[in-house]
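All chains, please: the whole structure from these sequences, using the hints.
Number of protein chains: 2
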Amino acid sequence: MKQKKFILEEKEMPTQWYNIQADMPNKPLPPLHPGTRQPLTWEDLAHIFPAECCKQELNTTDRWIDIPEPVLEKYRFYRSTPMVRAYELEKALGTPAHIYFKNESTNPLGSHKVNSALPQCYYAKQEGTTNVTTETGAGQWGAALSYAASVFGLEAAVYQVKISMLQKPYRSSIMRTFGATVEGSPSMSTRAGKDVITKNPTHMGSLGTAISEAVELAMTTPGCKYTLGSVLNHVALHQSIIGLEAEKQMEKAGEYPDMVIACFGGGSNFGGIAFPFMRHNILDGKKTEFIAAEPESCPKLTRGKFEYDFGDEAGLTPLLPMYTLGHDFRPANIHAGGLRYHGAGMIVSQLIKDGLMHGVDIPQLETFEAGVLFARTEGIIPAP
Amino acid sequence: MKQKKFILEEKEMPTQWYNIQADMPNKPLPPLHPGTRQPLTWEDLAHIFPAECCKQELNTTDRWIDIPEPVLEKYRFYRSTPMVRAYELEKALGTPAHIYFKNESTNPLGSHKVNSALPQCYYAKQEGTTNVTTETGAGQWGAALSYAASVFGLEAAVYQVKISMLQKPYRSSIMRTFGATVEGSPSMSTRAGKDVITKNPTHMGSLGTAISEAVELAMTTPGCKYTLGSVLNHVALHQSIIGLEAEKQMEKAGEYPDMVIACFGGGSNFGGIAFPFMRHNILDGKKTEFIAAEPESCPKLTRGKFEYDFGDEAGLTPLLPMYTLGHDFRPANIHAGGLRYHGAGMIVSQLIKDGLMHGVDIPQLETFEAGVLFARTEGIIPAP
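Protein sequence lines correspond, in order, to chains X and Z.
Residues 1 to 384, numbered by this note's numbering, are exactly what the first sequence covers, in order.
Residues 1001 to 1384, numbered by this note's numbering, are exactly what the second sequence covers, in order.
Quick caveat, the hints were computed from the structure, so don't treat them as lab data.
Treat the numbers as computed from the prediction; the structure is a model and nothing was measured.
Please note that the accuracy of each hint is not assured.
Said to hold, decoys possible - Lysine-lysine pairs mimicking DSSO-like chemistry, simulated, CA-CA at most 30 Å apart: (1) Lys1248(Z) <-> Lys2(X); (2) Lys1011(Z) <-> Lys168(X); (3) Lys1287(Z) <-> Lys4(X); (4) Lys248(X) <-> Lys1248(Z); (5) Lys4(X) <-> Lys1248(Z); (6) Lys248(X) <-> Lys1027(Z); (7) Lys252(X) <-> Lys1252(Z); (8) Lys1248(Z) <-> Lys1011(Z); (9) Lys11(X) <-> Lys1168(Z); (10) Lys1002(Z) <-> Lys5(X); (11) Lys248(X) <-> Lys1005(Z); (12) Lys5(X) <-> Lys1004(Z).
To be verified - To give an idea of the chain X side of the interface with chain Z (calculated C-beta under 8 Å), a few residues: (13) Ile7; (14) Arg76; (15) Phe77; (16) Ser150; (17) Gly153; (18) Thr177.
The beta-carbon is built from N, C-alpha and C at its ideal position, and this holds for glycine as well.
Written out as structure tokens, the structure reads:
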């Protein structure tokens, strides 16, 4: 019988993250201070984020970064995740391709997000932070952050895109199970939220607005730091655990990928699986193709502009060099749940400019059909 | 670093199920024909169930039964499931005990139910069946059955306890993703459902009623067989894959359990983890304690009567010898979602009579508190 799943033993698990910034032929442009338009130092960023994350954010020299022991210990709760050969999907598609998928749904809270929530909360705690805050769309990141905060003894406050909170009420129950406070965004609890509601009383939220609220809370609350689930370089760094495992698992399967495909919202999932393989394109002359699949309803990679833009709606974040649809982008309510962030992250944006990867945009109904096919063949219902 | 998870390689996976009936000091009493009160043969049962399942149901001689190759192949999609040492829970409880849990949540559809749904659908298909039907409470069994039916090319119709369908609308979406028809029970689509609604127009359903509807559909539809997710002997047989894996995993951990504890609805989950270990009590003089945890609101093990009773509300099933609260038992709506079945299964009932295991009933709020503690320590939110 042919082997279906490839799993690493705990002793085979990676103990370092891979930092693609060290290997990029052109480094990402620096984030800028919105007032002075001067490049920011890690100390500047550390007003909002945990300091260690800020150092990682701007680290363009160290290829490998040690995973702290307490984070490794929590990774072992659920990692490695399975690398699975999708024999049934191959059969249904009638393709000669060998299709593998990395199944991050076996993680606590059901997504890859916990891989970065754990180190962000760990570093925050180490630095004397007592409270963390963040935004979430459909709730995966908010749930992961709530869990990680509870693991490391931090209070958590989550701003969830209001329409998502109403559409998926169980998601806030999950966050509250771990002791987090959940607020629908835009809310009346911040200046940024009030401004949005004043201008548009029926605004049902966007990730950009929720980020504004969380950043404002962090800036105005002593002992509180902001955490982000995607887009930023240090998040992609933490998520590299996915691709590093996948590399070892593909080796066990006796294969090396011709293509790596991942869905793309802010880039945490994509970067996680792609960057460790991409280093072999950069360093070892491999020719793997890297494809980021984005929703047609939020096509920043395929139809956005590369420019400096804010990471949030209210303009509280640094200016980031990225492919963007504009920080005032507001998805249709039905689409606001996830993957509809206006910007693409600094590393990914540079990699696209340099031709190391490319985006494709996929229409909604095609995505649903593919999801149903995957469910019926491989037994897992994916988030569309 | 101490090992957290114990996982079997695909080549270490069990290839046979364990049939505890062969080893029981006293065999279960036979199921009876409701009219004649004569013991039923497998041929009698085969009017409702797939024939191979009926043979397994009454098989009191073969200790080991081969898992068919196509079922093994599907098991490899997700098995083995992890056996996890709950270090954090131990710490929170301040206990010297070593606590391990078998994590069946990594299965397709998120529960152990798929372990029996796959063989039941496989056998049905082999025997020329075109349609299968069943009942479900919260939806785990219905979802697993819908998936398994789609895997083996069968049509599926699921009667879901109406209050559960309304409380958890995503669950029927899951079943429909796999092509199943889902009907809230009691429904107007069967005589049994109509009778219940006529007597009580606001009846929001019970597992007993939903079973009546599904059995009636199977009896009145050519090419349609009924499948059941728990209670029956062949279901416990299929679920023995859980305990057989656990045994090998405990061996890797260098341990043998003093206690095996599992939640109890109809007995599929409990029997799955417990029976393979129980054979060593029966055959090898081990002294493991086996505890079935049932809800205080449906205390059939601790306060039910041992007698012949119907498996369903309308009295369409055979008479089964079991601990029961009476086949007209109707849980409060808020409790109807799961684990609230009136009867206990023939094997388990006999084992309790013979002192090989015992039940405990747990109040709801205590269960919720334990669930939150488990979530915060081990990162998994269990169904309460």
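Hint by hint, here is what the structure shows:
1. Lys1248(Z) <-> Lys2(X): Distance of about 22 Å is within 30 Å: holds.
2. Lys1011(Z) <-> Lys168(X): Judged against 30 Å, a Cα distance of about 40 Å means the pair is violated.
3. Lys1287(Z) <-> Lys4(X): Not satisfied, since the Cα-Cα distance of roughly 38 Å exceeds 30 Å.
4. Lys248(X) <-> Lys1248(Z): 25 Å, holds
5. Lys4(X) <-> Lys1248(Z): Since the Cα atoms of lysine 4(X) and lysine 1248(Z) sit roughly 20 Å apart, the hinted pair holds (cutoff 30 Å).
6. Lys248(X) <-> Lys1027(Z): 50 Å, violated
7. Lys252(X) <-> Lys1252(Z): The given pair, whose Cα atoms are some 22 Å apart, holds under the 30 Å limit.
8. Lys1248(Z) <-> Lys1011(Z): 12 Å, holds
9. Lys11(X) <-> Lys1168(Z): 40 Å, violated
10. Lys1002(Z) <-> Lys5(X): 24 Å, holds
11. Lys248(X) <-> Lys1005(Z): 19 Å, holds
12. Lys5(X) <-> Lys1004(Z): 20 Å, holds
13. Ile7: 6 Å, holds
14. Arg76: 4 Å, holds
15. Phe77: 6 Å, holds
16. Ser150: 5 Å, holds
17. Gly153: This hint is violated: glycine 153(X) lies away from chain Z, its Cβ roughly 11 Å from the closest one there, beyond 8 Å.
18. Thr177: Holds, about 5 Å.
Hint check: violations occur at hints 2, 3, 6, 9, 17; the rest are consistent with the structure.
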